[in-house]
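2 protein chains.
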Amino acid sequence: MATLEELRMQLDEIDDQLVNLYESRMQVCREVGELKVNTGRKVFDRQREREKLEAVSAKVSGDFNKKGIQELYEQLMSMSRKLQYQQLVGAGALGRLPFIEVDSLDKSNARVVFPGVEGAYSQAAMQHYFGENCNSFHVRTFRDAMEAIEEGSADYAVLPIENSSAGAVDEMYDHLVEFENYIVGETVIPITHTLAGLPGTKLDDIQRVYSKGVALLQASRFLNEHGNWQQISVANTSIAAKKVLDDQDYTQAAVCSAYAAKVHGLSVLEENINDVPNNSTRFIVVTNQKIFLHDASKISICFEVPHESGSLYHILSHFIYNDLNMTKIESRPIEGRNWEYRFFVDFEGNMADAAVKNAIRGLREEARNLKILGNY
Amino acid sequence: MATLEELRMQLDEIDDQLVNLYESRMQVCREVGELKVNTGRKVFDRQREREKLEAVSAKVSGDFNKKGIQELYEQLMSMSRKLQYQQLVGAGALGRLPFIEVDSLDKSNARVVFPGVEGAYSQAAMQHYFGENCNSFHVRTFRDAMEAIEEGSADYAVLPIENSSAGAVDEMYDHLVEFENYIVGETVIPITHTLAGLPGTKLDDIQRVYSKGVALLQASRFLNEHGNWQQISVANTSIAAKKVLDDQDYTQAAVCSAYAAKVHGLSVLEENINDVPNNSTRFIVVTNQKIFLHDASKISICFEVPHESGSLYHILSHFIYNDLNMTKIESRPIEGRNWEYRFFVDFEGNMADAAVKNAIRGLREEARNLKILGNY
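Quick note, the sequences are listed as chains R and S, same order. When the first sequence is numbered by UniProt numbering, its final residue is 376 and no position is left out of the sequence of numbers. When the second sequence is numbered by UniProt numbering, its final residue is 376 and no position is left out of the sequence of numbers.
Since no wrong hints were added, every one of them can be taken at face value.
Remember, identical chains collapse to one label, so a pair may be satisfied in a single copy or spanning two.
Below are the DSSO-like pairs computed for lysine-lysine, each with C-alpha atoms no more than 27 Å apart in a straight line: (1) Lys-298 with Lys-328; (2) Lys-52 with Lys-67; (3) Lys-66 with Lys-298; (4) Lys-298 with Lys-107; (5) Lys-66 with Lys-357.
Worth flagging that the hints you see were computed from the coordinates, not collected in a lab. These numbers come from a predicted model, not from an experiment.
Model the full structure from these sequences, guided by the hints.
Below you can see the structure in the form of structure tokens.
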């Protein structure tokens, strides 16, 4: 019987030949790519790929090897496709981008909408991005803000997409799919909740606490020390503060920012009641035009995945082969289709980059319902 | 210049040789496997695999081909490992599992906890899984149920993990990481919300509607037609129904199941107020022992990913190369670390399968803080 060393030498010899054949194969694929560039023929030929898989599988014996050679060829052919997409990009044959590059946003003349009322965290995010004195108005819900953008009554909306401790704002992901609005910017602001009430309110008298649901969650350790307080969800933390002012009821309090408390004439009864220190929220800036800033460096997309083993994995390979760093992946159920998911991926890049064009081209052919949510 | 047909003939010739080399290589790997079975040597030799990747990559030219040949060899070597694990299993030489296989759960003598009160959807799920007359008690929150299991005051807990329209129950994912409890079963039940109130309640008199936050969301279209109703979150839909009964207030209503309404002596004021038809929720059955049923077919794991380009993708390759179908992927923020994520993956398989052992071995080496949440 051969020793491990002898067997490994045999493997090394086989591998020398395998590697040479691999290089020859990629060279022929490159020539096929040139031909496709010249003739405008599509890169992905599903019929040809199926035939190839059947052919190689028929040539080997045993179930294990049949399965193995098919996997290997799926990878080889996917690699060839990526090479050919690169060639198309290199030849300028990828066509026009659906998004228009702009040098800057006209922040000083922009009309901006935010959800909530005076003192909302999204107002703070808006001022951080557009400046303290920007021309703005507010609506009640995230959906109202998306509608204001879609119909054009505002140029931009500022909306929360992710909190550092609570995670994704699921509702916003669904809105980004539903509306034809696009992300053009983002900004992160610290979130520090306080408990606020009418001046003179005593902690012991409080019976009901109002806030946005996620804010109640983020302050749950403090609130649960007062287990008898009823926790009531409203659309926004600033709306909670306004309600406490309007009701003039000393048994009520709000979880909101110190700024919201001040705006609505409330006293801070307890400062910083966050469960987690350094809590912050990422807000996106949304508009109804397909534009991106020339220095944009992050792209958000969403897509559905066919029900086949490995298909999500193969789709993600477009990022890897184009050297694009994926920074985030989320999944959300697809409305009306039980247990099927839409994936949301963030990756680094600018839509003018060849690597990005290349990846998007491949994704569009292989994923279902690809939507580019924005480049920012 | 060659035609497409000529180039494809060249590819076919290369492929004939490639396929032969592949079969020879797998044969040598099989001999290596026999040797490893006889000598007790480990299948996965990270050092040898790294050297091989460097060697093949050095032999080809250009970044694209270097990356490609590495991908191809990662797949080839993973295939060899899979073959060798099969040989080990055939020889009865694969090590012990951290989970203990059981033939069945003793459902008739089990003590089961569910969150909420009589009439909760989790009670319905529990009865669906453990039978109508199972020995049970209830606690207020999901966390309370996880604690009851951890301390052993109940054998099993039944808890919601995912809704077909609202998506993941984020809180449960966090609990599965925090507690040393494991999933041993799952069951899906339909969720049909009704609006319920004291007998004689008129829709026009209602001012406040109580329910679990996610249930209010799932009925938001109906509820928003009555925009003046205050929507108040409580821990559970059945707790909402009980509150409406206890308060004896005709201005209050609950969003809950028809069964919860009946249990708490309420009248159904409006049937099926779901936004989406066919709404259903998947519940998991959790215990404090590391056990799995011999016919279990789904595995849930979670892990963190190092901050490197492509690392999530490479980690997912362990499922693909071991022929394990990934059915779900979720990400959640890691507590205390801003903008870092923990990934939750479900895939098909049983812990006794060689492919699963193989994948878990690879995942443990490459991902951070891998936790097996259960096989069910």
